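*Asks:* In case you want the letters, here they are:
Protein chains: 2
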Amino acid sequence: MTDTLKEYCRQKVACIDHKLELLLPKQGQYPPVILEAMRYSVFAGGKRMRPVLLMAAADAVNGRGEEYTHVAAGLEMIHTYSLIHDDLPAMDDDDYRRGKPTNHKVYGEAMAILAGDALLTYAFEVMGRQPDVLSDVLLRVIAEIAAAVGPLGMVGGQAMDLFSEGKQIGLQEIEYLHKAKTGALFKASIRAGAMLAGAGEEQLQDLTQYSDYFGLAFQITDDILDVTGNQAELGKPVGSDSKNQKATYVSLYSVDKAKSIAGEAVDGALNTLKFFGPEADILRDLAKYLLSRNN
Amino acid sequence: MTDTLKEYCRQKVACIDHKLELLLPKQGQYPPVILEAMRYSVFAGGKRMRPVLLMAAADAVNGRGEEYTHVAAGLEMIHTYSLIHDDLPAMDDDDYRRGKPTNHKVYGEAMAILAGDALLTYAFEVMGRQPDVLSDVLLRVIAEIAAAVGPLGMVGGQAMDLFSEGKQIGLQEIEYLHKAKTGALFKASIRAGAMLAGAGEEQLQDLTQYSDYFGLAFQITDDILDVTGNQAELGKPVGSDSKNQKATYVSLYSVDKAKSIAGEAVDGALNTLKFFGPEADILRDLAKYLLSRNN
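Top to bottom, those sequences are chains A and B.
Note that the first sequence covers residues 1 to 295 in the UniProt record's numbering.
Note that the second sequence covers residues 1 to 295 in the UniProt record's numbering.
The hints are simulated quantities; they were obtained by calculation from the structure and are not laboratory data.
There may be inaccurate statements among the hints.
Intra- or inter-copy, both count: the list cannot distinguish identical chains.
[Stated by the list, open to error] Simulated crosslink set (DSS-like; lysine-lysine; CA at most 30 Å straight-line): (1) LYS243 x LYS179; (2) LYS167 x LYS259; (3) LYS243 x LYS105; (4) LYS105 x LYS26; (5) LYS179 x LYS19; (6) LYS246 x LYS105.
None of these values were measured; they are calculated from a predicted model.
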């Protein structure tokens with residue numbers, strides 16, 4: 001990671017953490033442990049990648065990425081809800097996430113389901129209250145984020161993932177699964193940043209293509225890390241894909257071939273930014289970083 | 001139920017069912033059984049009360065209730081998601097709902113969690129696409145619906161309900177619990193209809209008060225039905241509140257006293273409509289109907 005990117009992420013993560021702290025309800029009149037359960041997982045050490053991508057895309061367009069923190073915080077709440085539900089006993093049944101006990105291990109299964117539901121719902125309330133953006137732009141952004149994480153996006157991908165466990169699936173299905181399960185929210189984060197910042201049609205198209213390559217490179221490097229990674233750095237056990245007989249780029253190809261496909265995807269991402277100047281350097285650094293990430 | 005109300009409900013239910021049929025995605029390219037699981041619970045015989053309330057409130061203001069079917073359909077999807085998650089083994093662990101096997105009994109626990117998540121998410125996408133309404137009005141409506149069903153609304157009420165099972169709680173807590181768990185979404189449905197239809201400030205205030213009385217009367221009659229109701233008509237076992245040691249108006253008072261409080265709440269609801277003419281007759285009939293409902 002370049003020093004510029006490191007400093008950028010430090011600043012944006014501080015900004016989004018501050019906003020999440022302000023926005024997430026504290027102990028209310030009655031609702032008991034649910035507010036605590038929501039905060040537990042939101043502040044369990046996430047990298048805030050989706051908010052950072054939103055802000056970096058907005059910065060590439062108008063340099064005002066930090067103005068869109070309501071939508072950025074909403075993205076992080078949605079991401080957190082998806083992790084809480086993925087970890088449930090009925091789903092992946094994980095006891096640890098980022099080195100900490102998962103939500104249902106701390107608060108019980110019923111409260112973990114509700115905390116996830118609450119984060120997903122609250123995200124839409126918070127995003128709807130984003131100030132200083134034209135209402136019709138904000139409405140389009142919210143509908144697009146909802147579509148990205150709904151039955152034809154993230155939740156659909158999760159359903160397909162469950163459905164295909166232990167089955168032989170081909171490259172086309174793997175690509176579809178990843179696009180839905182993780183790619184769609186990355187794409188929506190980047191497009192949301194661009195739209196909120198008032199990107200023109202061509203800029204929006206370029207950033208959309210960037211997001212496709214970014215999502216692909218992210219997923220392949222994720223698959224590689226599950227084989228070559230270090231449990232302490234990852235904060236989760238390695239080898240779980242193979243244990244769960246999940247179809248991945250590595251199970252389909254070799255680690256070396258997967259690395260080379262990831263490299264091509266990053267080149268593709270950089271190429272989509274050719275009409276942007278230095279204002280898109282963070283997006284460039286983020287794409288290049290994927291090839292060296294260790295968590 | 002008066003004939004006018006019966007005919008009104010028949011028309012509006014047909015209208016909302018048609019919209020739900022159009023809006024809910026059918027079998028897609030890959031996402032497998034999740035779309036079927038969503039449809040299963042949406043079309044499992046709901047009374048569509050929240051959409052009907054939205055349309056009746058809009059009709060009381062501008063007579064164009066049927067124009068707001070995207071938001072109305074979203075309300076029904078949100079209500080359905082809440083039922084699917086409430087019925088889960090980790091929550092109320094119910095095998096039947098409206099006389100049919102619950103979602104997780106048919107599709108399994110993991111798919112039921114995801115189908116609920118998908119309906120909640122998809123609701124926000126659909127509501128965000130409501131045509132023919134000013135963007136800033138629609139944004140306010142969506143944020144208000146999200147608030148009504150979030151951690152300080154419906155989900156918070158559900159969390160408190162779990163938390164207080166088997167405990168002695170007082171009237172103040174019961175009232176708070178019901179307001180959050182069921183009242184908030186009724187209120188949001190009625191206010192959404194009024195706001196979408198362009199209600200003035202005083203009309204909106206009157207309809208808000210109406211919704212408070214309506215929600216209270218609904219909850220009390222619900223508690224009474226759990227004691228005096230007929231399982232075949234209700235589509236669910238009676239006596240479950242007492243079995244689960246849930247605090248209700250009936251456990252706190254007697255059935256007769258609870259009936260008399262419900263009657264007062266309905267009078268209160270009617271009184272809030274005193275500045276409305278016959279255009280609010282459906283709202284009046286709906287409130288009165290609560291006293292004679294058997295399911």
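*Asks:* Look at each hint and say if it fits the structure.
*Replies:* Status of each hint after checking the structure:
| no. | hint | in the structure |
| --- | --- | --- |
| 1 | LYS243 x LYS179 | within (22 Å within a copy, 46 Å between copies) |
| 2 | LYS167 x LYS259 | within (24 Å within a copy, 57 Å between copies) |
| 3 | LYS243 x LYS105 | both (22 Å within a copy, 28 Å between copies) |
| 4 | LYS105 x LYS26 | within (21 Å within a copy, 36 Å between copies) |
| 5 | LYS179 x LYS19 | both (29 Å within a copy, 29 Å between copies) |
| 6 | LYS246 x LYS105 | both (24 Å within a copy, 26 Å between copies) |
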